[in-house]
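Let the sequences and hints guide you as you build the complete structure.
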Amino acid sequence: MIVAAIIAAALSYRVVPLACTANGLAISGGGVLRISAQGSCAAVVPGRAISVTLDDEGRVIPEKLDPAAHPASELPKTAFSIVPTSSAAPIGNAVTITIVVTIPPSTPTGSDIYLSTERSSYNPAEIRMDQVDARRYRLQLPLQEGGRLAFRVTRGSFPTIERDAKGRLPPPHIVTGQAGAIYNITVEAWSDDT
Amino acid sequence: MRLRALVAVLALVVLWPVPGEAKPVGEIAGGSVLFFNDSLSILVRNGVTVHLAAGLVITGAAAYVDLRADTAVIAGDAQISRGPVTLHADALALDLRARKIDLLHTEGGIARTDATLAQPQAAPEDGDAFVFPDLLDRRAYIRSRRAEIVSRTSVRFRPATFPTTAGAPPVPMYLYTFAAGNGYAATALAPAAFDQPYGVYSTPNELTALHLRYLNGIGPSLGIEQNLIGSADGYIAGAVDVPAHAAVAEGLNGYRQLGQNGTVSLAGSADDGYHAATLGFTQAVGTLVSRLNYGISNGGYSSAIFSMRTRDRELFSGITWHTSVNFGFNALDSGVLPLAPNTPLVRTLWQHGIEVFAASPLIHGPLRTTLSATVDGSRTDYSYPQHLNTLETDLTGSRRLSRTMTLFFGYDARWTADIFPNNQLLFFPPSVEPYPYDGYTTARLANLDLQYVQGPYTSVRLSYRRADDFPQVNYFAGRPPNEVRADLRVRPFPNIGISFGRSYDFGWYGSRWVPGWSFSVFQ
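Heads up: the protein sequence lines correspond to chains L and E, in order.
Quick note on numbering: the first sequence equals residues 377 to 570 in our numbering.
Quick note on numbering: the second sequence equals residues 902 to 1424 in our numbering.
A few of these clues could be false.
[Said to hold, decoys possible] Derived CB-CB ranges, DEER-like:
| id | chain 1 | residue 1 | chain 2 | residue 2 | range |
| --- | --- | --- | --- | --- | --- |
| 1 | E | Y1102 | L | A470 | 31 to 41 Å |
| 2 | E | G1266 | L | H446 | 49 to 59 Å |
| 3 | L | A470 | E | T1305 | 54 to 64 Å |
| 4 | E | Y1102 | L | D568 | 24 to 34 Å |
| 5 | L | A557 | E | P1239 | 15 to 25 Å |
| 6 | L | T397 | E | T1017 | 19 to 29 Å |
| 7 | L | E450 | E | L1159 | 52 to 62 Å |
[To be verified] Straight-line C-alpha distance at most 20 Å; calculated EDC-like pairs for lysine to aspartate or glutamate:
| id | chain 1 | residue 1 | chain 2 | residue 2 |
| --- | --- | --- | --- | --- |
| 8 | L | K440 | E | D1035 |
| 9 | L | K542 | E | E1215 |
| 10 | E | K1001 | E | E928 |
Calculated directly from the structure, the hints in this document are not laboratory data.
Positions of the beta carbon are idealized from the N, C-alpha and C atoms, including for glycine.
The following block contains the structure:
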């Protein structure tokens, strides 16, 4: 028991505080940690990550952010007066995703294929894709982990934007940032198909 | 003028009525408003004030807004009020879609109310509602003081600086649109070598944007675009393109879904005295997609073509095919037949035609090569004794030279025969200038491309195209005999990429070479 308390005291945990009062530290995810008699709210700025350590009684002492702090999800349940039902979202490291687009065989020879993303307000010739073979094009993009990207596929202009198999303008494709993720997209038709 | 009036009427037909979806609007301000476009979220620090359309006013120390989910967390001594009613909490969670407001008290758990701020009731603990992600301020795409949010549509920042986008100047206002509807992505501006939109104004039903443009062969231009967004994914986009050294061009397009399987669309343009408009309908029936396109221009030209096409279907061994048939007419006051001495004046020409297309599967060969081929044949018969036959075949191959380098090669040939039975010499007399043309054309194009790709950061493509066409005459027919092109895509900074293309057509338009280029900036 004593050993466990010593180990716990040596550990710090990274949390995003929502509010701090004399009796509790509310953190991202809706949990409320019990504050140690040695602790105070002085280091707490709502919304800005801090570290907390545990005292002998499993109560937290708010401190300045320690880069080596463990995730909040590792905090023992006994430290909470209200146990969170959700842990904080990922920090958002940069990851690389790959988008592979398969075009219809009847696509005009020599066409360049572009991604048109919401980041440019859907500029139809925003990012030219790299060719893989006669039917497939590929683009690797850096994205934040857990982030998202909405895009449409074009041949470089709005009159050549993709359509679905029924001839309708489809909603944008949405991909999310996961390390090494490969998203395969098939274009069914183009707006200028006859 | 009559054509413009017709296009205006057609535009109303395409989209009328235009009932917009009601979307909540809110405004959030604070000492520091940070926008993360990767996660579509806003972080507010150093005091926050939120004004919602329902008359709700919320204050706190910090806030996190998830624009995808229409949720927000207000942290630190939060207060929400509406008229005389005020509620306090240590933190607040708003869910605009579910119309619920959760109040977190460090000593009392979570209570729930709604936009009326009725007496809060104890609620099950919903940790997801109070997630406040650990975002790094330095990764923000935009830094601002105030954000006006139109739910599921756009957010406007006043002012806006771009800390992670090198070279981007601060602006008094920046509109970021993230709506899924096609109306916010549509443009009626003609393609340009460079086009950088700048949103000015947005509501749940409209978007106004300026476009900084550069047109090959013309120069810089300013585009002004107005999009009206309606129901059924419908929209009307109208644009005016004002080049510094050429005539003003106007464009308009509209679109709307008709039920689950149909669409109606409209495209119009006015450029240097030439006005044209096209009204199109599509309807999917089983595995068929039918189209009806009606076109008209101020030169006295009109056409209406109805076509039906099967979807691409597998035949055997991976070969895919489709076929289409068409029927309609072309009409021109000055006559639709080829111009030559002594040819009859035919103002309306009816037509019916058939097309068959087949494509090989992608064949993987030795030495990391791939090959694929297509063939496309058509025949169109006209009411004046005339028929047009076309046959096009294409072969495309690739060879992967290394992990980063790939070689592409292709050959495309197209033959057409414009035949007037027993009258060929009447329509294509041998002496007609600018070129002797007997109704039979050939277009052959060979290409060789070398592509180098190094991860997400560098891509280079060098291309050579050789066209052997008959006829192949400057301004009149065929393509430039030689074209070289280089495309470069680099990412000089983590949050900004540049795509640059440069091409030269050799021996064309009476010049030794004709340059062209393209340029875009992306994230």
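Results of checking the hints against the structure:
For Y1102 (chain E) and A470 (chain L), the Cβ-Cβ distance of about 33 Å falls inside the hinted range of 31 to 41 Å, so the restraint holds. For G1266 (chain E) and H446 (chain L), the hinted distance range of 49 to 59 Å is satisfied, since their beta carbons lie about 53 Å from each other. Remark: the range hint 54 to 64 Å for A470 (chain L) to T1305 (chain E) is contradicted by a beta-carbon distance near 21 Å. Y1102 (chain E) and D568 (chain L) have their C-beta atoms about 30 Å apart, which keeps the hinted 24 to 34 Å range intact.
Separated by about 55 Å at the C-beta atoms, A557 (chain L) and P1239 (chain E) break the suggested range of 15 to 25 Å. T397 (chain L) and T1017 (chain E) have their C-beta atoms about 27 Å apart, which keeps the hinted 19 to 29 Å range intact. Checking the proposed 52 to 62 Å range against E450 (chain L) and L1159 (chain E) shows it holds: the Cβ atoms sit about 56 Å from each other. Straight-line distance between C-alpha atoms of K440 (chain L) and D1035 (chain E) comes to about 15 Å, which keeps the hinted pair within the 20 Å bound.
Pair hint K542 (chain L) plus E1215 (chain E) holds up; C-alpha atoms about 18 Å apart against a cutoff of 20 Å. Pair hint K1001 (chain E) plus E928 (chain E) holds up; C-alpha atoms about 18 Å apart against a cutoff of 20 Å.
Checked against the numbered hints given earlier, the structure breaks hints 3, 5 and satisfies all the rest.
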